[in-house]
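With the hints as extra help, turn the sequences into a complete structure.
These protein sequence lines are chains R and S, in that order.
Take 1 as the starting number for the first sequence in full-length UniProt numbering and just add one per residue.
Take 1 as the starting number for the second sequence in full-length UniProt numbering and just add one per residue.
One or more of the hints may lead you astray.
[What the hints assert, rightly or not] Straight-line Cα separation of at most 25 Å, SDA-like style, residue types lysine to any residue; simulated pairs:
id, chain 1, residue 1, chain 2, residue 2
1, R, 54, S, 198
2, S, 138, S, 198
3, R, 54, S, 83
4, R, 512, S, 154
Honestly, the hints are just simulated from the structure, not real lab data.
All values reported here derive from a predicted model rather than from experimental measurement.
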Amino acid sequence: MTDERSATDPTDLARTAASRRRFLAVTGAAAGLALTGDLPGNSAAWGARQDALKHDPFTLGVASGDPLSDAVVIWTRLAPEPLEPFGGLGPRPVMVQWQVAEDERFSRIVRRGTMRARREASYSVHVDVTGLRPWRHYYYRFRVGRHVSPVGRTRTAPAAGAAVAGLSFAFASCQAWWEGFYTAYRDLARHDHDVVFHLGDYIYEMGVGADSGVRQQPVPAEFTRETVTLDDYRGRYALYRTDPDLQDAHASAPWIVTMDDHEVENNWAGPISENNAPEDEFLIRRANAFRAYWEHMPLRMTQSPTGPDLQLYRRFQYGDLVRFNVLDTRQYRDDQAAGDGQDPPNPGSLDPGRTITGDEQERWLLDGMAERSARWEVLAHQTAIAQLDTREGPDVVVPMDTWDGYVASRRRIVGGARDAGVRNLVSVAGDLHRSVASELKADYADEAAAPVGTEFVGTSISSGRDGTDHDQGGLTILAENPHVKFHNFQRGYVRCEVTPQQWVADYRVADKVTEPDGTVTTRSRLAVEDGDPTINRA
Amino acid sequence: MNRRKAALALIPVAVLGVAASAAARPGPPSDVEISASEQPVEVIGLPCLHGDSLEVAMTNTGADDVYADMELSVQSPLRLDRRVFSSWLPARDPDTTVSTDVTIHAPRDAEPGSYDVQLSTDRSRLTVPVEVLPLPPKGPGDDLALGERATASTTHGNFVPCGAVDGNTDDADWNTATGWNDGTRGAFPDSYRVTLAEPTSISRVELHTLDSQRFPATGYGLRDWDLQVLTDGAWTTVDQVRGNVNGHVTSTFATVTAEAVRVVSHDSNDHSYSRIVELEVYAD
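Written out as structure tokens, the structure is:
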């Protein structure tokens, strides 16, 4: 799949150490001292219970996620040998201690506890830390015996209904490990975000290649095959999570995640696999994929999947300023129309009976929007809602895997937001491996219709390798779709600064990802004013 | 779902019944039973010719859905490409069996004979005998490249380099990865190399490029290439083929002692990919 040679092992090893130093620098120069003060084994601070492990089990970093106004999930997975089955542990459970503090020196510890890391969850730990104060930064860490994890920083959400002056967040997607270094995450981790969204394709099911593509890192045979079994998926998450930039990004802010297709298989739809495997068989694969996803994401224990069912759509309220509706447009969608390629609108894509969200999620979303609970109503989800005509000339040819293949869903949900009187509708998405900012309409066939919302599609972190400012496909999209106001075909992510008056989206792009140490800069700053969905240069 | 896309070569989780039954250890009855494909499983100690795959399976005989783990190990010096097999196992009636394929690697110097693969869950254990066959003869008249280590400049994701030394010359099987296809469309040269077991006297190479009814050599076959041999660490060109339209091309040359043979491809008849169904090397 990829053949270019660039990085070497020693380079990667050197970066691991550097990245930990870098994170400590982000959270304050004193953090390193605080850890030193607690070591080795200050049992008064940690409590007596200790399990001895010979090697550092915190090779996959730490994470936090799904922040509420009084709670946040903190996560780690013990893996002294990250690329071995079960991280080289087993079979006995391991006791993990955790601490949450108000300060990075851990002098004001507000919650602490012990959790049993079990083999049946790959020695992952998901602690739902409750009783926290709203809209506060917290610091967390884990410990097993003499080993202490890196420190993570997180933040709770504001209290319901609280007046919030501003919110800073980032969103990212699509991170094929063998196609690029996670330079964009290094940049993301250096900025201050209240929350980070991952909108899917966290892993890819395809093998990473014997030489790991651009990374040139030999990997065991397990990683060169397509993921199907639970051990395959577990191994792939572990491999991706060994990346120090990804670890830094997780440690820098709480993440709210949803999945797209490649966490299971390319372009799956509900119970239907890419190549029409029998449903019984595919649902076992889906169950395996969902289990490994939950094990490796900072999701609550209560969100662990039941076999092939995983409740991923959910809401996050940031006071009166923003409500995030996190969607799942894979698990309940109808099969793609017209064979799942690029096609003119057709009876399938226009069928009012077809859905990309499923009926229940659609009702949940429309009911929620009717509450008008915040100034900015955000859909945080997988792929573009806006129409994307990809054919030059008068013919309209659109992708069948995006909302263009589910025109009735677009009409009902974008139209529903308009009819509900939603003040500002904003969609943030990924999947396309290109940056695309569009004005949203309920019906693109009606050229005179005013836009009802704004969509910011973020490019990939690494999938598709370096890219370029505009490829031919991007030029065509710009030329054929007057509602598309910005395009770029490089790798990166998007930062957003939201206030009651304005939404500013900062498209951060990397000059290269096929070699380490690329440079990330702002390609464009786009603004939307309160009450007006049109896109302006900021 | 995308009907136009070719299937990737993946290991399916098949839902099926398989032969052989689990031998439970003493203790409480297990809800997960282990089974394995029909035996004996026969393998060969060549880098590119493994022999049979072992299909292993777990069956949930209980009333509750479970996530189950099977551990796999094999007697030295054999090696498995999977040390753990984990899966969700729904409780269904009839019982659900979930299986996967395991490749058994035997080194060239593995003593022919019987070896044990051990499969275990927390409560069940199963021993599967594996037979290591003697190496195929590599005397006069035998294909010296058969099953030997194959590498390539690049390889398309749907193919493996071993495909062109697997003993299968049937063009009709092209879609089952029985050949090599480079990974860079429209970019030449490409190279495909087979390293012989030891420096060997050779004087003839048979190259089979793609030439099926659907994909004739005139449209898809290899067109221009150099045939090179590695002697004392240096490559020498022993034949040059230009403008080829045939599926099967024989190159003969003065006998040389070669460590490896390679094809350096300069063009194909569709100018996109280099495709080799099989590369055979002979002493005379």
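Quiz item: Holds or violated: residue 138 of chain S with residue 198 of chain S, Cα cutoff 25 Å?
Solution: OK: residue 138 of chain S and residue 198 of chain S at ~11 Å, within 25 Å.
Quiz prompt | Hinted pair residue 54 of chain R and residue 83 of chain S, Cα distance within 25 Å | solution = Within the cut-off at roughly 22 Å; holds.
Quiz item: Does residue 512 of chain R pair with residue 154 of chain S here, judged by a C-alpha cut-off of 25 Å?
Solution: holds (22 Å)
Quiz item: For the pair supplied as a hint, residue 54 of chain R and residue 198 of chain S, is the alpha-carbon distance within the 25 Å limit?
Solution: Status violated; Cα separation ~43 Å.
Hint 1 alone, counting from the list given before, is not met by this structure.
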